[in-house]
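A.B. asks: Put chains P, E and L on the given structure of chain G with help from the hints.
Protein chains in written order, with our numbering: chain G, 86 to 340; chain P, 86 to 340; chain E, 86 to 340; chain L, 86 to 340.
Any given hint could be a false lead.
Given that identical chains are not distinguished, each listed pair holds provided it fits within a single copy or across any two copies.
Unchecked claim - Each computed DSSO-like pair below joins lysine-lysine, with the alpha-carbon atoms no more than 27 angstroms apart:
| no. | residue 1 | residue 2 |
| --- | --- | --- |
| 1 | Lys280 | Lys306 |
| 2 | Lys280 | Lys87 |
| 3 | Lys306 | Lys87 |
| 4 | Lys306 | Lys206 |
| 5 | Lys188 | Lys206 |
| 6 | Lys127 | Lys289 |
| 7 | Lys188 | Lys306 |
| 8 | Lys306 | Lys127 |
| 9 | Lys206 | Lys87 |
Think of the hints as simulated: they come from the structure by calculation, not from any bench. Just so you know, these numbers come straight off a predicted model, no measurement behind them.
Protein chains: 4
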Amino acid sequence: MKPVCLVIGAGAGIGGTVGKKFAAEGYHSVLCRRSDEEGLQKLVADIQADGGEATGYLLNAIDEGALEERIRLVEEEIGPIEVVLFNLGAQIGNRPLEELSYKHFELGWRMATFALFRIAKELFPRMEERGGGTFLVTSATAAVRGNAGQHSHAAAMGGRRMLCQTLNAEYAPNGIHVAHILVDGAVDAPDTLGKMLGEEAFQKLREERGQEHDGLMLPEKMAETYYHVSQQHRSAWTHELDLRSFSDLAWWNHR
Amino acid sequence: MKPVCLVIGAGAGIGGTVGKKFAAEGYHSVLCRRSDEEGLQKLVADIQADGGEATGYLLNAIDEGALEERIRLVEEEIGPIEVVLFNLGAQIGNRPLEELSYKHFELGWRMATFALFRIAKELFPRMEERGGGTFLVTSATAAVRGNAGQHSHAAAMGGRRMLCQTLNAEYAPNGIHVAHILVDGAVDAPDTLGKMLGEEAFQKLREERGQEHDGLMLPEKMAETYYHVSQQHRSAWTHELDLRSFSDLAWWNHR
Amino acid sequence: MKPVCLVIGAGAGIGGTVGKKFAAEGYHSVLCRRSDEEGLQKLVADIQADGGEATGYLLNAIDEGALEERIRLVEEEIGPIEVVLFNLGAQIGNRPLEELSYKHFELGWRMATFALFRIAKELFPRMEERGGGTFLVTSATAAVRGNAGQHSHAAAMGGRRMLCQTLNAEYAPNGIHVAHILVDGAVDAPDTLGKMLGEEAFQKLREERGQEHDGLMLPEKMAETYYHVSQQHRSAWTHELDLRSFSDLAWWNHR
Amino acid sequence: MKPVCLVIGAGAGIGGTVGKKFAAEGYHSVLCRRSDEEGLQKLVADIQADGGEATGYLLNAIDEGALEERIRLVEEEIGPIEVVLFNLGAQIGNRPLEELSYKHFELGWRMATFALFRIAKELFPRMEERGGGTFLVTSATAAVRGNAGQHSHAAAMGGRRMLCQTLNAEYAPNGIHVAHILVDGAVDAPDTLGKMLGEEAFQKLREERGQEHDGLMLPEKMAETYYHVSQQHRSAWTHELDLRSFSDLAWWNHR
Numbered sequence: 086m087k088p089v090c091l092v093i094g095a096g097a098g099i100g101g102t103v104g105k106k107f108a109a110e111g112y113h114s115v116l117c118r119r120s121d122e123e124g125l126q127k128l129v130a131d132i133q134a135d136g137g138e139a140t141g142y143l144l145n146a147i148d149e150g151a152l153e154e155r156i157r158l159v160e161e162e163i164g165p166i167e168v169v170l171f172n173l174g175a176q177i178g179n180r181p182l183e184e185l186s187y188k189h190f191e192l193g194w195r196m197a198t199f200a201l202f203r204i205a206k207e208l209f210p211r212m213e214e215r216g217g218g219t220f221l222v223t224s225a226t227a228a229v230r231g232n233a234g235q236h237s238h239a240a241a242m243g244g245r246r247m248l249c250q251t252l253n254a255e256y257a258p259n260g261i262h263v264a265h266i267l268v269d270g271a272v273d274a275p276d277t278l279g280k281m282l283g284e285e286a287f288q289k290l291r292e293e294r295g296q297e298h299d300g301l302m303l304p305e306k307m308a309e310t311y312y313h314v315s316q317q318h319r320s321a322w323t324h325e326l327d328l329r330s331f332s333d334l335a336w337w338n339h340r
Numbered sequence: 086m087k088p089v090c091l092v093i094g095a096g097a098g099i100g101g102t103v104g105k106k107f108a109a110e111g112y113h114s115v116l117c118r119r120s121d122e123e124g125l126q127k128l129v130a131d132i133q134a135d136g137g138e139a140t141g142y143l144l145n146a147i148d149e150g151a152l153e154e155r156i157r158l159v160e161e162e163i164g165p166i167e168v169v170l171f172n173l174g175a176q177i178g179n180r181p182l183e184e185l186s187y188k189h190f191e192l193g194w195r196m197a198t199f200a201l202f203r204i205a206k207e208l209f210p211r212m213e214e215r216g217g218g219t220f221l222v223t224s225a226t227a228a229v230r231g232n233a234g235q236h237s238h239a240a241a242m243g244g245r246r247m248l249c250q251t252l253n254a255e256y257a258p259n260g261i262h263v264a265h266i267l268v269d270g271a272v273d274a275p276d277t278l279g280k281m282l283g284e285e286a287f288q289k290l291r292e293e294r295g296q297e298h299d300g301l302m303l304p305e306k307m308a309e310t311y312y313h314v315s316q317q318h319r320s321a322w323t324h325e326l327d328l329r330s331f332s333d334l335a336w337w338n339h340r
Numbered sequence: 086m087k088p089v090c091l092v093i094g095a096g097a098g099i100g101g102t103v104g105k106k107f108a109a110e111g112y113h114s115v116l117c118r119r120s121d122e123e124g125l126q127k128l129v130a131d132i133q134a135d136g137g138e139a140t141g142y143l144l145n146a147i148d149e150g151a152l153e154e155r156i157r158l159v160e161e162e163i164g165p166i167e168v169v170l171f172n173l174g175a176q177i178g179n180r181p182l183e184e185l186s187y188k189h190f191e192l193g194w195r196m197a198t199f200a201l202f203r204i205a206k207e208l209f210p211r212m213e214e215r216g217g218g219t220f221l222v223t224s225a226t227a228a229v230r231g232n233a234g235q236h237s238h239a240a241a242m243g244g245r246r247m248l249c250q251t252l253n254a255e256y257a258p259n260g261i262h263v264a265h266i267l268v269d270g271a272v273d274a275p276d277t278l279g280k281m282l283g284e285e286a287f288q289k290l291r292e293e294r295g296q297e298h299d300g301l302m303l304p305e306k307m308a309e310t311y312y313h314v315s316q317q318h319r320s321a322w323t324h325e326l327d328l329r330s331f332s333d334l335a336w337w338n339h340r
Numbered sequence: 086m087k088p089v090c091l092v093i094g095a096g097a098g099i100g101g102t103v104g105k106k107f108a109a110e111g112y113h114s115v116l117c118r119r120s121d122e123e124g125l126q127k128l129v130a131d132i133q134a135d136g137g138e139a140t141g142y143l144l145n146a147i148d149e150g151a152l153e154e155r156i157r158l159v160e161e162e163i164g165p166i167e168v169v170l171f172n173l174g175a176q177i178g179n180r181p182l183e184e185l186s187y188k189h190f191e192l193g194w195r196m197a198t199f200a201l202f203r204i205a206k207e208l209f210p211r212m213e214e215r216g217g218g219t220f221l222v223t224s225a226t227a228a229v230r231g232n233a234g235q236h237s238h239a240a241a242m243g244g245r246r247m248l249c250q251t252l253n254a255e256y257a258p259n260g261i262h263v264a265h266i267l268v269d270g271a272v273d274a275p276d277t278l279g280k281m282l283g284e285e286a287f288q289k290l291r292e293e294r295g296q297e298h299d300g301l302m303l304p305e306k307m308a309e310t311y312y313h314v315s316q317q318h319r320s321a322w323t324h325e326l327d328l329r330s331f332s333d334l335a336w337w338n339h340r
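Bound conformation, chain G alone (with noise of 0.2 angstroms):
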């Protein structure tokens, strides 16, 4: 039996590419997204066409016990699950403090932080009995500083930053390995910057800025970097590292 790769926010871009990845690598992925049931059907099938193992749910996070059920029916149905990317953002573009509802902030918070916390609860504990885990997490420029426009979507990347050290420094002892990959620049996925910038916008900076600039982030190079810190020995895990095209400056820097 393989072991299982349950990715949480699998689209067409970080989320499926890795899935497809760890499929290649011999683990069974299992695809999880809110939406898109004829996308997620061409990833779980384009994975089986190249021989690989792949089941796709659609699964709204943020639905009571949505998650937890998910992860059961899987633990029981398909096996233990070794390995979670959790890949769901918060990112709704700028919107200044009037124009934000409660609403909107609150989405932020059970999306971003609180389905996270949702799944530790779940699968750890599963996972410490079994002797270990990995749980890698995209994360964003907006955990580590917060930009006008961004209140709900840094809130929501900050707190579940320090709850990835929270669970890092519970659990790492006990084998579950904890990785926050702070993604810090654009990444080219139809289904999230596609959709935020729109189509025409999206299809003028791949051609400025992605393609054989390598301006934007390929979600399939990305991936051997995911993949990788998954397999690292316990003896020598990495908890962060950043992520950005060579041609993009850092968050840190200004020009």
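C.D. replies: Quick look at chains P, E and L alone, frame taken from chain G:
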């Protein structure tokens, strides 16, 4: 009419003492706390006995609309709020993941992150219209690093720190000074540390490290710095500073 | 006999102005700078005209033994040094790696890092014996992030920030208060910014962002915070704080 | 002709082991260390016995011109340097300020900061002309926090971290990948930890925390991550990551 200083979390530690300081400097201090009407009225009476102005309200910050209504009433009945001290924490002591309920995790966020957002939503547009204001936020080490057992506290405080940055980035140019005051050590405060440790352990700590040793932070000395920050000229504002006893190890140091 | 405040780097910006502030508060200010005897004597005369005490010395901080001798002489001839303001920078403007000589790289370290170490070596044992002292260090954004072209400056400032932490960790429990004051923005200072930009550009900047705009940091307003930090009670010391104009973007923010 | 990997600081820990890894992956490893010709030649022989290419040189990094000349000779005689591992530290154990000489303080800077600058000066223009290269820097916790007794080490490492940022900001867009690898824990390395602790204490530590406990970092496992970083696609580069044993407390945590 005196300018108003609104204190959210006005116990017999930092909150009440800073309220007293602002009253002594010519503000009308509005003290809000969740419980202990008697303690609250004592604080108010103390300030008035020294010739200062103060009003006290019991207020549960997580009740829907309570903060918003209090702000509106204070502005109508007492005067425009010039300074806010946000002094709510989410420290419930160390609690391992398995013993921490969803409810407690959420409570931390409601008190330490969401309440701050709600105040900003209600008050910043008013302050902006008046040309400015000051927002002092008491923070804790958990805002910058997450220890084992601190899941709720650290997630809430880490989110809050980023929220302070987003608010600062958006509103500083419009005259609102947001200061994130990182209290990195034990405060000589019966209402918080005293309750967390229990009366006996708190008195023992006071004897060993507090009193003439100055190893516990004295609220009346901290209040000097809170007040100073609120009076900084807009050409030289501090957004973040730490406070600890001279004899305490900084959070980043190890022995 | 008045307590002594020693200023290393006493130009007509932060250094001289903080020296003036301490003199006004009852200190004997000892002002040291590398050149411009006339400017130095003007500062001294200004302080004396206001009824304060001050002495001025030309001093090249990188000369072997010069700092050490000056400290010894001040302690013998004027009095025990209670406060030091270390105000030397290593900013030489942007210089690409290929245009930066070994000599310039080393110079940055000698001025901004090694000189601070030398002062601590000479003075901290004396302060410790007397029960304490205060060491205020003017720092810059380059201490926390390295931009292109800032090789010498950032390496020197980054090393210095860590040195301030090691000194603080070792000496705070013995009563020496080390404060790292991160000046994150342009200061309205003819001797530094003025010289770096040139007279004309400096005046233009002043008109556009300074003066009634308060977009350049005013040394006399900054001096209020320097002084406040020096007077903090030992139960509530600040080790690090930032300062910037309300209208300036914090170093961690991007537009 | 194989690409060259130059290791500065090639002892029997991280340096030699990473050199071995690159040789196994098809690089010609050039190993430089200050002393122990016998140990050096053993490393070279080991690599060659495994079918790899390696050359060893004794080199004192702080000697004037020594690094520069070695780089020029390697480029002429062996081939263009594609990867550098800069592995020099400045750790001399805890030494209180009063026992730390100017000479030792400067030595830390010469080895850990200035030597890195000199290599960049000599090599980056060559790498840039060839379209790129990789600069891996072994760093330590002292680069991000300064403990008591670490004046020389922390000042040198903190300066170095900022220098890595300035170099990255200036050269990443031109294809040079600078990675700052924060080694946050004890490495199972006889040449460094062994010498610092003494043979007996080192063996005791190995028995208690190392070996099957994996509580000391294993250089051959760390080398996997060093190598991975060097092979990252330019659309997804890591500038900074940490490494520690699963059972070790992260530097930011307290028990």
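A.B. asks: If you check each hint against the structure, which ones fail?
C.D. replies: Violated hints: 2, 4 and 7; rest satisfied.
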